[in-house]
Amino acid sequence: MSTATISLPAETTGETFMRYLRIFTREARYEFLRLLRTRSFSLSVIGFPIIFYLFFGLIMNHGQQIGSMSVAKYMLAGYAVFGMVGAALFGIGVGLASELAAGWLELKRASPMPPMAYLLAKCCSAIAFGIVIVSILTLLGMTIGHVSMTLPEYARMIGLTVAGVLPFACMGMALALFVPFSSAAGIANMIYLPMSFCGGLWVPIMFLPHLLQKFAVLLPTYHLGQLMLASFGYASSGTLLNHWLGLTGFTLLMLGVAAFGFRRLEHNS
Amino acid sequence: MSPVVEPDVTAGTLESQKPLEDVAELIRVNKRYSNGVVALDGFSLTLRRGEVVALLGPNGAGKSTAIKLLMGLSSPSSGTVRVFAADPREASARLRTGVMLQVGKAAEMLRVREEIQLFRGYYPRPMSYADIVKAAGIEGIEERMFGHLSGGQKQRALFALAIAGDPDLIFLDEPTVGLDIEARRGLWAQIRVLAARGKTVLLTTHYLEEADALADRIVVINKGSVVCSGTPAEVKSLGAAASGTIASRTLKLIRCVTMLPESTILAIPGVTGSQLTSGRTTISSTQPESTLRELLALDQTLHSLEVESPGLEDAFLSLTAH
Chain P
1 MSTATISLPA ETTGETFMRY LRIFTREARY EFLRLLRTRS FSLSVIGFPI IFYLFFGLIM
61 NHGQQIGSMS VAKYMLAGYA VFGMVGAALF GIGVGLASEL AAGWLELKRA SPMPPMAYLL
121 AKCCSAIAFG IVIVSILTLL GMTIGHVSMT LPEYARMIGL TVAGVLPFAC MGMALALFVP
181 FSSAAGIANM IYLPMSFCGG LWVPIMFLPH LLQKFAVLLP TYHLGQLMLA SFGYASSGTL
241 LNHWLGLTGF TLLMLGVAAF GFRRLEHNS
Chain R
1001 MSPVVEPDVT AGTLESQKPL EDVAELIRVN KRYSNGVVAL DGFSLTLRRG EVVALLGPNG
1061 AGKSTAIKLL MGLSSPSSGT VRVFAADPRE ASARLRTGVM LQVGKAAEML RVREEIQLFR
1121 GYYPRPMSYA DIVKAAGIEG IEERMFGHLS GGQKQRALFA LAIAGDPDLI FLDEPTVGLD
1181 IEARRGLWAQ IRVLAARGKT VLLTTHYLEE ADALADRIVV INKGSVVCSG TPAEVKSLGA
1241 AASGTIASRT LKLIRCVTML PESTILAIPG VTGSQLTSGR TTISSTQPES TLRELLALDQ
1301 TLHSLEVESP GLEDAFLSLT AH
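Protein sequence lines, in the order shown, are assigned to chains P and R. Under our numbering, the first residue of the first sequence is numbered 1, with each subsequent residue one higher. Under our numbering, the first residue of the second sequence is numbered 1001, with each subsequent residue one higher.
The following block holds chain R by itself, in its conformation from the complex (with noise of 0.2 Å):
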């Protein structure tokens, strides 16, 4: 397998204990686009061999200039990046490391099994091309031009050449974006794969699902800075926590379809927030019990009633908020 890296010299503290395992690293990065807008503000992130990294944060949070720096694509306002030890923006330090961007796309007219023998060719030494073939699932659109595919299938090609070079370090953008279920779990067993045979995989997403799925460690991020990190399960916690202490032990959500106002829904006792997304409304509660008899009271057509514990995506709702 691919060699393990060089002990970092340029680490000043003594890690004598374990070899170094850092692979990528952003210390204290500021970047700040042209145009006035601050993506990052002091933002640090280090990745280890063989962990899966889920970067969690609303839209416009930092996620994809994170990666962006990451890969040399961009340079930061102040701060450092390391990648392998590198400068990313060195074509060299990028031999190690593969990518599917957010707003990436092939070649419309070429092959994918031609683009995937292109980006095959920049590696020194690339996957094979029957081992990407059957990692990234894409038997059968070998053949198809790129602009000819569906949705799913380009993210699958897309991924094919993030994996072309047997990278140790994989930066994966919203890779599941426009999948359907199948195809998005498919591409979750590949991420496990190459956990599993120590790649070290950075991704960003929306799905909250997928981050408490897939990674080792969370790091939520908010207008470019880190709002916690840890487990799945710290993360989970935190955001329980910083809910409110009370309300944490008695939040949960009312789900139904109601033909009440949201104002009306908002000045029941015991509402915290209430929306409405595709007929269904949405509703927290501190005080479940006396919504739901004031809620049932006021709407007689109310129905597909459901009441939930809230999970990961409402503990980083939470602590994203503010």
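Here chain P stands alone, though its shape is the one from the complex (with noise of 0.2 Å):
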């Protein structure tokens, strides 16, 4: 009774991967668009990486060095990191509570919509606005702050951005199904703004506190930070063997932790 009980006209397996495929491009399309619509998240996640980095990066700063790099090189990577993670943190994270307390999940998990088209639509959108944020401030890294960049390097760079997201995507999940809607975007910034100035992403690692330094290690946007320096040429600290190992243990956490949350909602409804 499995292969007869839905009398559709038999599509080919070809044709239901292009359907998903379809799904799956317009659920991105729409989700951008949603959240680039909702301003209270476009113009905060996009602006304040932003503003950060003129300030601290740019104004600030009167061509000192770090090493053998210009701080405004040094500085984009911290807050090139910094605005990726919020876009994943926020779109994903306070995004999800939103339509989960809506309903509006609720309404299409009804629908024969393909559950991975929505997550993958979710992480698509979030890696969307981190390359819009990350492009931004290589912009303005290089017209005001004299930055050189290559080809390589800024590809390089997109490359970390569409994997750094994942990390933070995880987390964003976790947290939507833990946390009411009403305080999502609260305690969204109570981890997010902590955890980037201790994994040294507004201020070098280096001037922070020893004690804080050694704290970063538990952080991933400190091996995501580290990730970005090494991959413009700065010897990080640590081998960047143990910064993709230190982020896919803490997506692996997040992961578990959203599992477990979403068992907890299905026990639920």
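Treat the hints as calculated values from the structure; they're not laboratory data. Because the structure is a prediction, the values reported are computed rather than measured. A hint or two may mislead.
Stated by the list, open to error - Ranges of calculated distance between the beta carbons of each label pair, as one might list FRET restraints: (1) Ile66(P) - Asp1087(R): 52 to 62 Å; (2) Gly47(P) - His1206(R): 41 to 51 Å; (3) Ser1078(R) - Arg29(P): 39 to 49 Å; (4) Asn1035(R) - Ser183(P): 39 to 49 Å; (5) Phe207(P) - Val1037(R): 50 to 60 Å; (6) Pro115(P) - His1206(R): 30 to 40 Å.
Unchecked claim - Per the computed footprint, the stretches of chain P lying under chain R, defined by three or more beta-carbons under 8 Å from a beta-carbon of chain R, are: (7) 21-29; (8) 113-119.
C-beta atoms are modelled at their ideal positions from N, C-alpha and C, and glycine is treated no differently.
Each chain sits in its own coordinate frame; assemble them with the hints.
Next comes the structure, spelled out in structure tokens:
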């Protein structure tokens, strides 16, 4: 009774794949549009990294160097990571929490929408926002801060944006499943801002108190920041492998928390 | 039109006379939430092709839970849920169903047109965009953001999403809540059109008039179990019978504006109940003539008097009162 249950005209695997692809691309496009139109999201998530970078990376610095790298470029790595983490944490965390609260997610779950299309679309929108933020920051750095950036460096930066959004997307998902919508944005900020500071995204990690420097190893922001610096050719503290492992471990932890949250949600519904 | 359902090979009984027409069923379903609330208790319901079934019951009766189970949003604690002979928790089993949820809201910052296109995309053979716009009566608001719509417009947009996939089975959970009379009648007409096209509709409602006007069959549910089911006429007569054979023939509703306190009214001979809503008192009485005589004698200022026979609403109330 398994195959004949649904008597829709048979679809070939190729057709099914194409349909799923269309669902995903439309879902991703509308998710991006929705976020862009939600001014409270788009303005703050794009605006904050730009303002921070302008003040702390460009205006406050007078051609100083950190090692062989200009402060403007060093800080670009930090604020780029700060920007993409914000896009992921708020786009997915707060976005999912609001859709859970409004019942939009429930309506979609009741439709034949493939759940993966929904989650992937959310991730891709966060990545798109991340790329926009990283690109604006790079442009500012190059024009105002005289940052020299080669094309391969920029390409590596974008690659890291794609990869770097994922751990924080998972964190956003976990957050949305445990925190009610009314406090989601507040709690996201309470995590986001200290995690960015302690991870060395605002102030170079070596200027932080010794204790915080030790604590930073536990933070995904630190690992992503160091990977970004390494992609600019700056010798990061710790090995690349360690940073990737740190990010992977954090991602798995958040996925576990999110999976637990989903089960809890299903059980309660 | 959509192909007919395959014969159900799982059904043990031989129904060789007619092809299988059951499109969905809940069989002895229990649903207990993790907070201990029992929403459904041995609840069974079968939906047949082309019928409009109204699930009628007070708040917390289990209506929305039944819909959630049929949509695969929730799992039964025990019992079986089948939709088109499949488990509705499988996304593929939902290709032929559409739903309007009571708590469901669409994304605030998407245009109505965009949300409809999104939902059309989920289905392999969706209804044409123009047909959806016409059927849901959303001409003129297609380019508006969902979040900027009025309550009635939102309901219509959500109805559009429910029919976007041209589904054979449509669940409408309290579809006309917050609609004005004109909009409500408009939606009723659309539901009738769906039924005429052979679609199956399950709607839950508080509006007894709505169930009476739309449904082929009413299932009265209370505290998670079926109280009774039948055509609107059958349910009405059952309701009258349930309120007592002697009383059913003489029970009248007296509506008026009176200054008498409830305790005084309840002491009048024949009065079985009294309720004050927005300045008007509704009194049910099994001896309407003597009740009226007493009422008028006690309150000289009594006005706006109406006496009527109980309708479906009262039948329903007496059925679920116990």
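Status of the hints after comparison with the structure:
no.	hint	result
1	Ile66(P) - Asp1087(R): 52 to 62 Å	holds (59 Å)
2	Gly47(P) - His1206(R): 41 to 51 Å	holds (46 Å)
3	Ser1078(R) - Arg29(P): 39 to 49 Å	holds (42 Å)
4	Asn1035(R) - Ser183(P): 39 to 49 Å	violated (21 Å)
5	Phe207(P) - Val1037(R): 50 to 60 Å	holds (55 Å)
6	Pro115(P) - His1206(R): 30 to 40 Å	holds (32 Å)
7	21-29	holds (count 4)
8	113-119	holds (count 3)
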